[in-house]
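Chains as they are written, first to last, in my numbering: chain Z, 1 to 355; chain R, 356 to 846.
Just so you know, the hints here were simulated from the structure itself, not pulled from any lab data. This structure is a prediction, so every number in the text was calculated from the model and none was measured. A couple of the hints might just be wrong.
Okay, the calculated beta carbon distance ranges per label pair [unchecked claim]: (1) P808(R) / S353(Z): 22 to 32 Å; (2) R660(R) / A254(Z): 32 to 42 Å; (3) G92(Z) / T665(R): 48 to 58 Å; (4) G19(Z) / N378(R): 57 to 67 Å; (5) R457(R) / P93(Z): 14 to 24 Å; (6) T665(R) / M1(Z): 36 to 46 Å; (7) M1(Z) / E721(R): 43 to 53 Å; (8) I274(Z) / T386(R): 50 to 60 Å.
With a Cα cut of at most 27 Å, we get these calculated DSSO-like pairs of lysine-lysine [said to hold, decoys possible]: (9) K229(Z) / K576(R); (10) K445(R) / K517(R); (11) K229(Z) / K517(R); (12) K370(R) / K359(R); (13) K423(R) / K445(R); (14) K370(R) / K220(Z); (15) K822(R) / K359(R); (16) K364(R) / K454(R); (17) K822(R) / K445(R); (18) K572(R) / K517(R); (19) K454(R) / K517(R); (20) K330(Z) / K454(R); (21) K517(R) / K220(Z); (22) K454(R) / K634(R); (23) K572(R) / K229(Z); (24) K764(R) / K822(R); (25) K21(Z) / K229(Z); (26) K822(R) / K129(Z); (27) K423(R) / K454(R); (28) K220(Z) / K661(R); (29) K517(R) / K423(R); (30) K822(R) / K684(R).
All C-beta atoms in this analysis are idealised placements derived from N, C-alpha and C, irrespective of residue type, glycine included.
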Amino acid sequence: MADISQQLQEQVLQARARGEKLNIVGGNTKAFIGREASAEAGTLNVSEHTGIVDYHPVELVMTVRAGTPLAEIEAVLAEQGQALHFEPPHFGPESTIGGTLACNLSGPARPWTGSVRDQVLGIRLINGKGEHLRFGGEVMKNVAGYDVSRLQAGALGTLGLITEISLKVMPSPAASMTLVQEMGMNEVLHYMNSRSAEPKPITAACWVDGKVYLRLSGAKTAVEATAEKWSGEVLEADAEFWHSVQDMQHDFFAGSDEALWRFSVNSTAANPTIEGDWFIDWAGAQRWFRGAGQLSDMEPLARAAGGQVSLFRGGDRSGEVMHSQPDALKTIQQRVKSSFDPDGLFNPGRLYSWM
Amino acid sequence: MTTKPTISKAELAEKLRGFVDANFVITDDETMKPYECDGMSMYCEMPLLVVLPETVTQVQRIMRVCHKYGVPVVARGAGTGLSAGAMPNKEGVVLSLAKFNRILNIDPLARTASLQPGVRNLAISEEAAQYGLYYGPDPSSQIACTIGGNVAENSGGVHCLKYGLTVHNLLSVEIVTAEGDVVTVGSDGLDSCGMDLLALLTGSEGLLGVVTEVKVKLLPKPEVAQVVMAGFDSVQMAGDAVGGIISHGIIPGGLEMMDGYAIVAADDFAGAGYPRDAKALLLCEVDGTEEEVHEHIAEAEEVFRKLGATSVRTSQSEEERALLWLGRKSAFPAVGRISPDYYCMDGTIPRRHIAYVLSEMGKMSEEFGLRVANVFHAGDGNLHPLILFDANVPGEFERTEAFGAAILKMCVDVGGCITGEHGVGVEKIRQMAIQFNDEELQQFHDVKAAFDPTGILNPGKAVPALKFCQEYRSLEHKQHKHEHTEAAQHG
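One chain only, chain Z, in its complex shape:
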């Protein structure tokens, strides 16, 4: 529980004055994401910048320092019967909220309850000029100024150091139940999407090892009535299963050195025909792939499926790991980057080699 923002700000100013670069580190559980961290850059450690700044359960809003572990946030919310509905993955007890936003990571409920980006209401950020700025706010609706808060999602810290985040939080569902049944990959995309098009309390849909898992959550009566209508066996200890999906502890994800590809695509797109294993989540919108290949092989497959691909973990991280950008967007992103960080202080080369 400490506010070390001044110290962080000074560190940024010093680095700038000396012409040094900085790698941002929080709980250091997501070092595997993005390209290899620059070997020349120093470390800007935000893990001591922790604590809940403001939380009014009735407002459904929490403001928290970026270095606060997810587990701590979730424990405080749970006392009030609330939760982070985007179900952030924990890659260890040290995983922080700041890193979760910078990497835009959300769990199985994401298509129905929104992503971390969706729930962000405001941030404070130290930019590359060492200015500690505030954007957005602590209210649900706020259209004053550009949405710099959500801009951070997926930027991997390249625009500045997020120091504080205001988030929308939601009540935990009263009841939950998971239905499981065997199904082939060819049928499952249609099945998951048509179930999602029904006005039923579905909050997760994934497919792995020839089985489809649908989670229902909400009012007890609604969950039970839907479960009765839909096919599938009720899965015992389903919370455990979904945690293994959320935190990527499921067997599918074992082996951290081998390449793990992430396809973010049209949920209904036919699955790419390529040798390897698939884990389909988000009712088809997020697909994990394990198999050999280069980013240049994967990109056309992702594009054909209406989306993008990234090398999420493992494999060669010295080259590009994110889906390439068209020239016009590359130019805009480089300009946006320099508008926040004119000297290229933060996380050099982490997102793209050219940023």
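Use these hints to put chain R onto chain Z, whose structure you have.
Relative to chain Z, chain R alone:
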């Protein structure tokens, strides 16, 4: 940053007529007149000319010409905006997207709709209804406002708490940049690699690019929706009841509050059967499966009774539900009927401060000598005070603006913001200096420059020039000191 255009009106018109149907390059005052303002009609300006392209290629070419000659471009949808965001620039072009009005595709299985920017918000849900789907955000102007404008303003509506704003319901947008490039931001996937430019563009008020295509998510239409209406003896009690519902774990589809003034005006107008003696009214809509609605409606009724509701009524049919909403939905015209003019404000506050804010607003109403009625998206803290005035009385609009500014300042003071969903535009540009400091505003200018290096897109809107802010803040400071001195003298 903006400099004078280096081309005359006649030359510009000629260039545009080289590739846009000559009938749709409008240069005469009479035909341009309807474009002089948007829904915020107190702010008017005649443009240099108006152009209505029909293809994305034409939009690109228009942008290239304007970029080359430094001509300001104000993109415009249906012109229903309430912050003068689409007010023309007198040296610039109004770029109307009215001809881009086709629904390109609805994919019922993927639950998406591909749209040209001029498609009306309500038309999306109407078209999607055949598949049991609808589009979530429903601004009050949804019958007329367009999806391109919704993207520019990040429009909300009464269902935001549960279903989110425009930014939560977009998959991708195609924009033409200030320099005339066509780029798609976002994809059919739920996220894309790199910084979230889709979020940045949403709500950017036409300052970063011209939207030429939009892909939105559609939602399955809930099986049932029912509304509970509850009357209270005080705003405080109604505010507590809102908290009570949320604490109970219920997220209503819509949760609206009206004050005594608005209740009577709306009831006179719509005959909705509102409790006319109540000081505050809540409309709480629960939607979902039959079982869920049944369970939550019973709980909501109980919460309201426990927290002192003087009347509780639940819709028993679709007709009754529509009638209860009709009063709320017609609150603006209803108030319009009891006053020659009204001015709609749009601040957001943390909900716990609602009683304080409304009581302070009552005091200000007396000080400024202007009546105010309040409708409130209580679920998400978005206030819409309607200040009643008569534009024909000299000085009354100026007083109204000052009253409005004082309300917005109070919103910021209690931890809220100056605009929840209407945007900054021209109208609230001075108040930006209250919510943001110079470094933050400069960061916004720098972001703008990343998209639009020469500053031709909607110049002078949304983000104030810093010099102007310093003047405004020092003026506010002086006024504040003056008030204190006066108070001390009276004390």
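Now for the hints, and whether the structure bears them out:
1. At about 24 Å, the beta-carbon gap between P808(R) and S353(Z) stays in the expected band of 22 to 32 Å.
2. Under the hint 32 to 42 Å, the C-beta atoms of R660(R) and A254(Z), about 54 Å apart, miss the expected range.
3. The hinted window of 48 to 58 Å between G92(Z) and T665(R) holds, with their beta carbons roughly 54 Å apart.
4. A C-beta distance of roughly 59 Å is found between G19(Z) and N378(R), which places it inside the suggested range of 57 to 67 Å.
5. Between R457(R) and P93(Z) the Cβ separation comes to about 52 Å, which falls outside the hinted range of 14 to 24 Å.
6. Taken as a hint, the range 36 to 46 Å holds for the pair T665(R) and M1(Z), whose Cβ atoms sit roughly 45 Å apart.
7. Checked against the hint of 43 to 53 Å, the C-beta distance between M1(Z) and E721(R) comes to roughly 45 Å, which is consistent with it.
8. The supplied range of 50 to 60 Å is met by I274(Z) and T386(R), whose beta-carbon atoms lie about 57 Å from each other.
9. With a C-alpha separation of about 18 Å, the suggested pairing of K229(Z) with K576(R) holds against the 27 Å cut-off.
10. A threshold of 27 Å between alpha carbons decides the hint, and for K445(R) with K517(R) the separation of about 41 Å lies outside it, so the pair is violated.
11. Between K229(Z) and K517(R), the direct Cα distance comes to roughly 25 Å. Compliance with the 27 Å bound is thereby established for this hinted pair.
12. Of the pairs offered as hints, the one joining K370(R) and K359(R) holds, with about 18 Å between alpha carbons and a cut-off of 27 Å not exceeded.
13. For the hint pairing K423(R) with K445(R), the CA-to-CA distance comes to about 18 Å; that is within 27 Å, so the pair holds.
14. The suggested pairing of K370(R) with K220(Z) is violated, with an alpha-carbon distance near 65 Å, which exceeds 27 Å.
15. The hinted pair formed by K822(R) and K359(R) meets the criterion: a straight-line CA distance of about 20 Å does not exceed 27 Å.
16. Between K364(R) and K454(R) the CA atoms are separated by roughly 23 Å; this keeps the pair inside 27 Å, and the hint holds.
17. For the suggested pair K822(R) and K445(R), the alpha carbons sit about 22 Å apart, so the restraint of at most 27 Å is met.
18. Note on K572(R) and K517(R): the hinted pairing holds, with a Cα-Cα distance of about 15 Å set against a maximum of 27 Å.
19. For the given pair, K454(R) sits about 33 Å from K517(R) by alpha-carbon distance, which is inconsistent with the 27 Å threshold.
20. For a cut-off of 27 Å, the pair hint linking K330(Z) to K454(R) is broken: about 30 Å separates their Cα positions.
21. For the proposed pair K517(R) and K220(Z), the alpha carbon gap of about 19 Å is at most 27 Å, so the pair holds.
22. Simply put, K454(R) and K634(R) have alpha-carbon atoms about 46 Å apart, too far for the 27 Å limit, and the pair is violated.
23. Between the alpha carbons of K572(R) and K229(Z) the distance comes to roughly 26 Å, so the proposed pair stays at or under 27 Å and holds.
24. A C-alpha spacing of about 20 Å is found between K764(R) and K822(R), which places the hinted pair at or below 27 Å, so the restraint holds.
25. For the given pair, K21(Z) sits about 58 Å from K229(Z) by alpha-carbon distance, which is inconsistent with the 27 Å threshold.
26. Among the hinted pairs, K822(R) with K129(Z) is consistent with the structure: their alpha-carbon atoms are about 21 Å apart, no more than 27 Å.
27. Of the pairs offered as hints, the one joining K423(R) and K454(R) holds, with about 25 Å between alpha carbons and a cut-off of 27 Å not exceeded.
28. Taking the CA atoms of K220(Z) and K661(R), the gap is about 23 Å. The hint holds against a cut of 27 Å.
29. Under the criterion of a C-alpha separation no larger than 27 Å, the hint pairing K517(R) with K423(R) is inconsistent with the structure, at around 45 Å.
30. At roughly 40 Å between alpha-carbon atoms, K822(R) and K684(R) are farther apart than 27 Å, so this suggested pair is violated.
Hints 2, 5, 10, 14, 19, 20, 22, 25, 29, 30, counting from the list given before, are not met by this structure.
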